[in-house]
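Asks: Protein chains in written order, with this note's numbering: chain A, 23 to 311; chain B, 527 to 817; chain C, 115 to 416.
There could be a bad hint or two in this list.
[Stated by the list, open to error] With a straight-line cut-off of 25 Å between C-alpha atoms, the simulated DSS-like cross-links for lysine-lysine are:
no. : chain 1 : residue 1 : chain 2 : residue 2
1   : B       : LYS780    : B       : LYS762
2   : A       : LYS146    : B       : LYS695
3   : B       : LYS714    : A       : LYS146
4   : A       : LYS146    : A       : LYS193
5   : B       : LYS762    : B       : LYS586
6   : A       : LYS195    : A       : LYS146
[Stated by the list, open to error] Now the in silico label distances, taken between C-beta atoms and shown as ranges:
no. : chain 1 : residue 1 : chain 2 : residue 2 : range
7   : B       : THR540    : C       : ALA303    : 38 to 44 Å
8   : C       : LEU403    : A       : ARG198    : 46 to 52 Å
9   : C       : PRO165    : B       : GLY759    : 31 to 37 Å
10  : B       : ARG634    : A       : GLU108    : 40 to 46 Å
11  : B       : ARG534    : C       : ALA296    : 27 to 33 Å
12  : A       : ASP132    : C       : ASN207    : 20 to 26 Å
[Claimed, not checked] With the Cβ distance kept under 10 Å, some of the chain B side facing chain A (calculated, not the full set):
no. : residue
13  : VAL584
14  : LYS586
15  : ALA707
Hints were generated in silico from the structure; no laboratory data involved.
The C-beta atom is built at its ideal place from N, Cα and C for all residues, glycine as well.
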Amino acid sequence: MRQRIRPEGQRMSARATTVAAAQTGRPEGPDAHAAVRIEHVSAWYGTRQAIDDVTLGIPPHTVTAIIGPSGCGKSTLIRCVDRMHEVTPGARVEGTVRLGEVDLYAPGSDPVLVRSMVGMVFQKPNPFPTMSVYDNVAAGPRLRGERVSRGDLDDLVERNLRRAALWDEVKGKLGRSGATLSGGQQQRLCIARALATDPAVLLMDEPCSALDPIATYRIEELIRELAAEVTIVIVTHNMQQASRVSEWTAFMLAGDDGIGRLVELDRTEQIFTKPSDPRTEAYITGRFG
Amino acid sequence: MQRALVLRRTRSITRRLIVDRAMATLFALATVIAVAPLVLVVAYIVVNGVRGIDLDLVTKLPAPVGEAGGGMANAFVGSAILIAIASAVALPVGILAGVYLSEFGRGRFAATLRFLTDVLTGIPSIVVGIVAYTLVVVPFRSFSALSGGLALSIIMIPTVTRTTEEALKRVPTTIREASLALGVHEWKTVLRIVIPTGLGGIVTGVMLAIARISGETAPLLFTAFGSSFWGEGPLKPIAAVPLQIFQYAISPYKEWHDQAWAAALVLMLFVLVLNVGIRSVTRTGFQSRGV
Amino acid sequence: MADTAFRRVSFVFGVLIVALVALMVYEMAQQSSLSMRTFGPAFLTSTTWDPQHRAFGALPFIYGTVVSSVLALVIATPISLGVAIFLVEMSPNWLGNVISAVVELLAAIPSVLLGLWGIFVMVPFLQRYVEPALQTAFPGVPLFDGAPYGVGLLAAGLILAIMIVPTIVAISRDVMASVPIAQREGMLALGATKWETTRRAVLPYARSGIVGAMVLGLGRALGETMAVTMVIGNRPVISPSLLDPSYTMASVIANEFTEATYELYVSALIEIGLVLFAVTILMNAAARLLVARTARGMPVAP
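This is chain A alone, in the form it adopts within the complex (with noise of 0.2 Å):
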């Protein structure tokens, strides 16, 4: 098996690092015990840049749901987080990404190694069109050659699909291709692919925005129950989504220079109350964007 970095101070208990978040993860000073610290993070797209210093402690087991008006730079700042955004030809990032105690970006760290880390679920379900429903939940450990016997991989298989909730719905047909199942069935299959690599993260860019509103609300469901395990940051646009899945939200804008930056960052009640930011106030009550 690879070697896996583990963050430290993973297994606190939930309570405590919520608490320890709550006080110090505001943009100001991320929090040592965050599960990931994104910090004065800038990214382009060739000369065009998206985001600007961010800086941002996202809380360890639960979920983060950052908002804001399309063009504000949120989906870009979660490919950072797994170095997906350098995928882009001609993307850059400067800052940097803490994983617990790992600098995702020092010198010699392998994207790679970054992104087997952390789980990513996109905007439109994307199965692997070629392989069947049980391969796409296998193709992670897979496809990154790591030696598991026949029964191990049956079992990670299940697993990962009972956690994604899907395990009912497809066990008869574990061997049919994945692009036959529904478009709900199909993202909660990518939830499961992204689960079976075992990420200390899963990012999760508009999962539900290609869904319709029950499948969208059996993912929401999936959302809270696996913060238990697994820290969570969602991107969205949708305010109602955000407050229904979220305990942490962060705000973000993109200001006269078509630049994305962080507003805020807190409780999500707190946020869509009295929001400490004018500007938040104005987006959640619709005066923009």
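Chain A is already provided as a structure; the job is to place chains B and C on it using the hints.
Replies: Showing chains B and C alone in chain A's frame:
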């Protein structure tokens, strides 16, 4: 006043509608004329070829001039060998170059490469024959299966390259990102995810390229050269179906003409079945795979 | 790192193709240098092709190639444009798909099979019916002078026309289909008929793409070998009559390459190949530029 205007417009409209009808008829006629040669060629090859089709054609060697009977089994085997050699060279080169263009191909070098593959597609096949002659036949001092196969591979490479590029470019970025986000290396992502997803398109391109080279004659004239016997190894001349058809067609012997028609029928069926098959599969099969 | 290695490997195969083209150019230039040194530019203007006396001039082949190809273009262009307009502007979808598929199949028929049909079916038909009819209709016109052999420039032009119709149809069809619907609707709203719309809105817009299609077709005709070799008569003469046998650059290489017994002879044939190579590259490049211009949606001033 108003009425005169309407009247005048009505009259001009009648004339314009007649012109419109006439042009429509002309275009339909042009279509019939364009399709007619295919019908005629296919019909003549079927009618003239069907008489000569028998088991001897594909199992026996050519009979000496003037003798009845015999076949051109050596040519069918030879064509298969030439296509195999060409594929063995062209598939790795074409597919990997296609991967390069689709996955990493940005900038000036890639643009040059794309232009040159297009150029390569347009080069007359006889010129390709000359190059294979100077590169292989001259140093080995013999016409050979190898030189013929290489000539055909040069014709195959650009088609395989460009269809691979097109097929892989149609694979959505999100599929690549899904794999990368799992912590899978780029090279494995390409080999295990991107290529399998685009495989339908690549196979189509390869099949079309094979259909094309199976009928190529000009580049074989002074490379494979032709032979009345079974091939004697990669460095000796070898027979090929299109070559044999050409040599028989320009010969003065009636028996050979008949065999040329028969072989033409087999070759034509092979090429048409490949083309029709691929087109019907690509229209229904590969596209509806949810990619 | 494995990823870097993979990028490098795929890059190397890309380089291989570039090297292949460079090698082709180099080999052709190298192998024809003897002929170039011996004859100089006069090679292209001399009309004598006499291997027995070591005299080589390519003009008869250039003439035969150009005349047969231009003839093919003259025959194929109106037909192809008719088909393309029919496909894009008039036919119902299903019929258009069927016709497109049939025309593409025509392109798939190997040249040697068209040549076979040409020798045994088309040439006798031309000799017996078409050529005498032309001579009766245009008595004394040099274009149709001489004995009706069947084989000759006319036969070559016809068979080439058959071969380039699919090329011109496919490209001009795509180019016309890319003309924005707004262009058509603008004309139709003025009360124009279908043909007037095509002529005024579609054709001007698609013009450079259509010219590109023709150039590409011409390029294909220039380099075509087998079918032409089988019906053109293979005689290196320059005659104004379309009924007379002729010879093309590709066919002289096809016929004489294996018989070329001494170095200068081979070299002269390769020089012909080099000229053919250069001309077809230029034609391809020009055609692609023209087609790309329409594809990018640049209307061309009439």
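Asks: Now tell me, hint by hint, if it's right for this structure.
Replies: Okay, the hints, checked on the actual structure:
no.: 1; hint: B/LYS780 / B/LYS762; result: 29 Å, violated
no.: 2; hint: A/LYS146 / B/LYS695; result: 18 Å, holds
no.: 3; hint: B/LYS714 / A/LYS146; result: 22 Å, holds
no.: 4; hint: A/LYS146 / A/LYS193; result: 23 Å, holds
no.: 5; hint: B/LYS762 / B/LYS586; result: 20 Å, holds
no.: 6; hint: A/LYS195 / A/LYS146; result: 22 Å, holds
no.: 7; hint: B/THR540 / C/ALA303: 38 to 44 Å; result: 21 Å, violated
no.: 8; hint: C/LEU403 / A/ARG198: 46 to 52 Å; result: 48 Å, holds
no.: 9; hint: C/PRO165 / B/GLY759: 31 to 37 Å; result: 33 Å, holds
no.: 10; hint: B/ARG634 / A/GLU108: 40 to 46 Å; result: 22 Å, violated
no.: 11; hint: B/ARG534 / C/ALA296: 27 to 33 Å; result: 30 Å, holds
no.: 12; hint: A/ASP132 / C/ASN207: 20 to 26 Å; result: 52 Å, violated
no.: 13; hint: VAL584; result: 37 Å, violated
no.: 14; hint: LYS586; result: 45 Å, violated
no.: 15; hint: ALA707; result: 4 Å, holds
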